[in-house]
Amino acid sequence: MTENPTTLGTPGNGNGRTRMLTINPVTRIEGHGKVTILMDERNEVTAARLHIIEFRGFERFILGRPYWELPVIVQRLCGICPVSHHLAAAKAMDRIVGGEQLTPTAEKIRRLMHFGQIFQSHALHFFHLASPDLLFGTDGTATSAFGAPAAQRNVLGVAAKYPELAVQGVMMRKFGQEVIQATAGKKIHGTGAIPGGVNKNLSLTERDALLQDVPQMLTWARSAVQIARDFTLEHLVELLPFGSFDSHHFSIVRPEDGALELYDGVLRAVDRDGHHLVNGVDCQRYLEVVGEEVRAWSYMKFPFLRSLGPEKGWYRVGPLARLNTCAFIPTPEAEAARQEFLGLTHGKPNNITLCYHWARMIELLHAIEGIRDLLADPDLQGTDLVAQGPRREEAVGVVEAPRGTLFHHYRVNRHDEVTLCNLIVSTTHNNEPMNRAVTKVARDHFTGKTEITEGLLNHIEVAIRAYDPCLSCATHAMGRMALRVEVVDPQGNVLSARQSE
Amino acid sequence: MPTALKPRVATTSLCGCFGCHMSILDLDERILKLAELVEFDRSPINDYKEFQGRCAIGLIEGGCCNEENVHVLEDFRRHCDVLVALGDCAISGGIPAMRNHLPVGETLEHAYVKAPGVWNPGGIIPNDPALPLLLNRVYPCHEVVKIDYFLPGCPPSADAIWDTVVALLTSQPLTLAYERLKYD
Ligand code: SF4
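One line per chain: the protein sequences are H and B, in this order.
Quick note on numbering: the first sequence equals residues 1 to 501 in our numbering.
Quick note on numbering: the second sequence equals residues 502 to 685 in our numbering.
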């Protein structure tokens, strides 16, 4: 080490106390997500926590930067869904430059980019990350599948056993990335969206290249819905209770009719019976709706609905939540799939955690239907790309990222400098639910045990993985996190610790 | 199952956004081809969390922002013959290093106490022992261990990654075509 980095501790509990130490090569666990489980004298689980251990400080270091940099800088929070950050920041900047009434070309290019992102991200999660858990249930029970040998539980393991499926996953993700490249200029960290519009349209050559692949993608998306559906229905008995609990659900929806909407809309929250808790609220007023609680043991905050308070106001976001909040999906095949999905819970919100996968594949189908419809629209070849109007000082941009609602909130002074930045990323909304899922699985499977097997450990990961946590935004591991599980007695002694693999 | 003969490749994401790993996945069909040439060791895209054996190549995304990043990077240096700093964050600290001109405490206070919408009556700043300590600044990888190759880009394109890995595996000199050398 050419320089010995000093470590600054996190200041203590608000009174400015600082822990200070120098790094020695101490052997430490490798892990971005960490789970601790507290058990009492009777070996009952009293608490279980998912700690998020990464902190970057974007909200502070972005201050003073010129506003036009935001859409390209802030997406560097997350290379897994950069388009979501790119668009949320651009949408906020649209309002800053008074250009929120986008030209038809600009709006459609951005929507296409966003559908490309949803498509690639959902394909990535399902095929590359989650499918090993779902596929290797050789004895036919889902929960036993979660304990398949670790060496097999990766996309190459899938490729060895189900080569066709792995190739489909790879090619679907590739197609989504190509849609992004055609609209944003680059597959990762593109530059397409700028304050008030976009910097390019879609050429006919680009359009035709994409159109060629659409029929194949549609076929594969349909079969992906089928796989997720069959998996769910076949394993329903085990899946029903697995990390499941009733909750509220939150997303944006289309203002006029409550349709599923991923690029722009108004806020809606429903309770476990489907009653509206929040409805039709303009996202500019998000702070009236959502608060964020800080807890000492995680860098990720805990959002809640202000009307219900931090205790009762927590909710879920993402594909499952969106299918629960929306009135319908505005593309026919995905809507038909949603109807069948709803049938499982008799039209009530679906609270089964592992149904996230099925919901995600229904959205994948919606995304490719949306891409197909947009590609047919001649507005994409328009040349009117940027709108402008009276300047504003403050703005909120919202999109439904693949994993849920994403808020970007900025203030910009008259020297074009950013003076305030507040971000609520999708995975953060699911913080409390993921912790509850971990607690539920721990209670159901660990109670009375001091010894934890590898298979049990993967149960915890499976519950977390259902949420497709984009740990890059909050940490930087991918769906397959390095998890360390510790069982601690009431005195804080570690009874048993286990590192996944 | 680990085969002794194939060279092993390990990857890690330190203080990066995972975009460089996504660029590895952008190899698309070639990732399956790569899997024939090499054995993947420890990487966030599989379930190995510890090194399984001596590695020919370690691909590092991201700089070091906390003590754990430093330990992981040192571990990679110990286990890999060649280390490649993959992307701008690994090479220079990248966007996360924009915090380097600020005291760490200030960035934390900003996020957890001052941010709009925060509900934090106790003025808590996360400080649980479970959370690794932050470094005073974000360090580029070469300030922590010796790095053998630097591949610029944010992220480097899949083609650039492919050319690099293939050159290393075949012991050829690495020459990147002009259009593959990008700093954005
Ligand atoms: S270099 Fe760019 S793509 Fe790679 S981790 Fe850093 S910000 Fe992400």
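By construction, these hints were calculated from the structure, which means they are not laboratory data.
On a predicted model such as this, the values are computed, not experimentally measured, just so you know.
Wrong hints could be hidden among the right ones.
[As the list claims (entries may be wrong)] Reference listing, derived: stretches of chain H covered by chain B, where coverage requires no fewer than 3 residues with Cβ under 8 Å from a Cβ of chain B:
{"#": "1", "region": "209 to 219"}
{"#": "2", "region": "294 to 308"}
{"#": "3", "region": "377 to 384"}
[Unchecked claim] To give an idea of the chain H side of the interface with chain B (calculated C-beta under 7 Å), a few residues:
{"#": "4", "residue": "Leu77"}
{"#": "5", "residue": "Gly79"}
{"#": "6", "residue": "Leu156"}
{"#": "7", "residue": "Lys161"}
{"#": "8", "residue": "Tyr162"}
{"#": "9", "residue": "Gly185"}
{"#": "10", "residue": "Thr205"}
[Claimed, not checked] Derived SDA-like pairs: lysine to any residue, alpha-carbon spacing no greater than 25 Å straight-line:
{"#": "11", "chain 1": "H", "residue 1": "Lys186", "chain 2": "B", "residue 2": "Val614"}
{"#": "12", "chain 1": "H", "residue 1": "Lys312", "chain 2": "H", "residue 2": "Arg49"}
{"#": "13", "chain 1": "H", "residue 1": "Lys161", "chain 2": "B", "residue 2": "Ser658"}
{"#": "14", "chain 1": "H", "residue 1": "Lys312", "chain 2": "H", "residue 2": "Tyr263"}
Virtual Cβ for every residue (Gly too), placed ideally from N, Cα, C.
Hint-by-hint comparison with the structure:
1. 209 to 219: n = 0 at 8 Å, threshold three: violated.
2. 294 to 308: Result for this restraint: holds, n = 8.
3. 377 to 384: Coverage by chain B is violated here, the residue count being 0 at a Cβ distance below 8 Å.
4. Leu77: holds, 6 Å
5. Gly79: Holds. Min distance 2 Å.
6. Leu156: holds, 5 Å
7. Lys161: Since chain B brings no Cβ nearer than about 13 Å to H/Lys161, farther than 7 Å, the hint is violated.
8. Tyr162: violated, 13 Å
9. Gly185: violated, 10 Å
10. Thr205: For H/Thr205, the interface hint is violated, since the closest Cβ of chain B sits about 19 Å away, which is over 7 Å.
11. H/Lys186 / B/Val614: violated, 36 Å
12. H/Lys312 / H/Arg49: holds, 18 Å
13. H/Lys161 / B/Ser658: Violated. H/Lys161 to B/Ser658 sits at ~29 Å, over the 25 Å cutoff.
14. H/Lys312 / H/Tyr263: violated, 28 Å
Violated hints, listed in ascending order, are 1, 3, 7, 8, 9, 10, 11, 13, 14; each of the other numbered hints is respected by the structure.
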